[in-house]
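Asks: Listed here are the chains, written in short residue letters.
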Amino acid sequence: MTEQDNPTAPAETPPQAPAAPKAPWEEKPVTPVLRDARDHALVKEIAAVLPGVVLEAVEFAGQVTATVACARIAEVCRTCKERLGYSFLVDLTAVDWQERPQGRFDVIYWMHRFSDSRRLRLKVNVADGVEVPSVTGVWKVANWMEREVFDMFGIYFSGHPNLERILTWEGFNGHPLRKDFPIEGIDTGAAVYPDVYPPGGGPVAGGEGE
Amino acid sequence: MGDIEAVKPFPDSEEMEISFGPQHPATHGVLRVMVKLDGERIVDAKPIIGYLHRGTEKIFERETYNGAIPHTDRMDYTAAATNNQGLVGAVERMMGITVPPRASYIRMILAELQRIASHIIWLGTHALDIGAQSPFFYTFEEREKILDLYEEYCGARLTLNAMRVGGQPYDLPEGWAARCKTFVDQFPARIAEWERLLTTNRIWKLRTVGVGVISAESAIEWGLTGPPLRGSGVNWDIRKVFPYDHYDEVEFEIPIGAHGDTYDRYLVRMEEMRQSVRIVQQCLARLPEGPVMAKVPKVIKPPKGEIYFSVEGPKGELGYYVVSDGGANPYRLHVRPSCFINLQALPEMVRGQLVADLIAVIGTLDIVLGEIDR
Chain A
1 MTEQDNPTAP AETPPQAPAA PKAPWEEKPV TPVLRDARDH ALVKEIAAVL PGVVLEAVEF
61 AGQVTATVAC ARIAEVCRTC KERLGYSFLV DLTAVDWQER PQGRFDVIYW MHRFSDSRRL
121 RLKVNVADGV EVPSVTGVWK VANWMEREVF DMFGIYFSGH PNLERILTWE GFNGHPLRKD
181 FPIEGIDTGA AVYPDVYPPG GGPVAGGEGE
Chain B
1 MGDIEAVKPF PDSEEMEISF GPQHPATHGV LRVMVKLDGE RIVDAKPIIG YLHRGTEKIF
61 ERETYNGAIP HTDRMDYTAA ATNNQGLVGA VERMMGITVP PRASYIRMIL AELQRIASHI
121 IWLGTHALDI GAQSPFFYTF EEREKILDLY EEYCGARLTL NAMRVGGQPY DLPEGWAARC
181 KTFVDQFPAR IAEWERLLTT NRIWKLRTVG VGVISAESAI EWGLTGPPLR GSGVNWDIRK
241 VFPYDHYDEV EFEIPIGAHG DTYDRYLVRM EEMRQSVRIV QQCLARLPEG PVMAKVPKVI
301 KPPKGEIYFS VEGPKGELGY YVVSDGGANP YRLHVRPSCF INLQALPEMV RGQLVADLIA
361 VIGTLDIVLG EIDR
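Chains as they are written, first to last, in the numbering used here: chain A, 1 to 210; chain B, 1 to 374.
There could be a bad hint or two in this list.
Unchecked claim - Here chain B is said to cover these stretches of chain A; the calculated rule only asks that three of the stretch's residues, wherever they fall, bring their Cβ under 8 Å from a Cβ of chain B:
1. 42-51
2. 158-168
Unchecked claim - Just a sample of chain B residues kept apart from chain A, beta carbon distances all over 10 Å, derived:
3. 161
4. 177
5. 241
These are computed hints drawn from the structure, not numbers from a lab. Positions of the beta carbon are idealized from the N, C-alpha and C atoms, including for glycine.
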């Protein structure tokens, strides 16, 4: 504050402390809120090329999530890549909402485009046992990502060239990132000693597999 | 004796499958690659991973947000600082926390030192794999100095656990900044020394030029990030595109290659070390006074929602996808592992090359199995 701004203030008294606002790291943090994003430019773009495909759209912390129908995901991804410029699939993963009535899993696609450095998240709701169309034909990088989701959640991708386990071994019984998979691990003896542990019986939580 | 008839004098069309690894020093851990060979040529390769799987993403779900930080150290154990930076950055954005500038600059210093340390391991082991032994000894001497700086800052050398949601757990110790400055000021001379050993070395060039070529389009298709993407000529760095901390306030260049081969990726990483030195020097000069921790709640409880936040790790884009249900534990905490995705392009890069080139390509991808398998 220069003297011209406040000519009436006496020169002796320094400015009072309350006048200075607190630094942002001393304030209570302002948490981002979940907003409806149907009118967001990124969502409108998709709606323009594929009318009616976006079921729901939300924005949180500046990131837009568009929910689309599971059966159409490969088609939506291809259109996003070829017509909207999302040439880069950054991430593909899933979330298990065990008790949710409308489909247990969310499969998440996080795409990037280089032209204006924007990112968009696509989401599909999938019930347990329902196949999701694979996007390996759209982005090659999706191959291992889908294998990981299959391995960890047991979500099947139709049209995947090689859908097998990737982080756990073949013969492993269970999908570790499902919420009902015990966090302390399982008895893996069933896979190693099939004669002792009959097939189909499966490993039991807290069994002797140390 | 009729068997002799069956033996082909020139078995040029005989394909052979061999298992390379998991116990092989050039696989940098427990990577196994099934290679199909026609003589010395690689027809196809298939990486087999998972030997180091520890269920880190499952463990995250039972930890608090700050409790999850030590587990990130153990993913890419050569780059703990950038791993920490990604997780705390994600949670802070989710909660709307502003980090004090001093903490933010300390983070940048730690992260850039970590980039140098990680590239040092890459250079030493990559050169060793290809047959140049001396760089290994020279490079690890410098890495030791970085680890000493880390030890003085947080007590740990490898698994740092050096960041918290909301800021830094400790301020810099007395004289640390000066010692850090001494290190970074002398470091470019060391890089020049290593480059004298390798850059124009005829054997090094024969082993790296034109090896493991991947085009820019192909690199994007395979989701490559970090030096493998930049080596193919794509100007892409999270620090520039989505600046976090104070990367938008410091000056640095993004080196890019032209041919997408092992040699270009080598040049990119060497230049990245120089740029990291520049960043650390600027951070030390600008380091503001003040607190290192923001006012954060005792129990970190981000609101219901999901966020993806990524940092430019030494190996590429390291992303964290956090889903919160409003509780004190992450409902889901997914890591976008840069090495996992970079490794996927390995078959594409080695097809038609020699077995010896497979070693060079594994080295140039700079993989750490701890992050691939998690």
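Asks: All hints, please: hold or fail.
Replies: Here's how the hints hold up against the structure:
1. 42-51: violated (count 0)
2. 158-168: Holds: 4 residues of the segment 158-168 of chain A have a Cβ under 8 Å from chain B.
3. 161: Since the minimum Cβ distance to chain A is about 21 Å, residue 161 (chain B) lies beyond 10 Å and the statement holds.
4. 177: 21 Å, holds
5. 241: Non-interface label fails for residue 241 (chain B): nearest chain A Cβ at 5 Å, not farther than 10 Å.
Consistency note: the structure conflicts with the earlier hints numbered 1 and 5.
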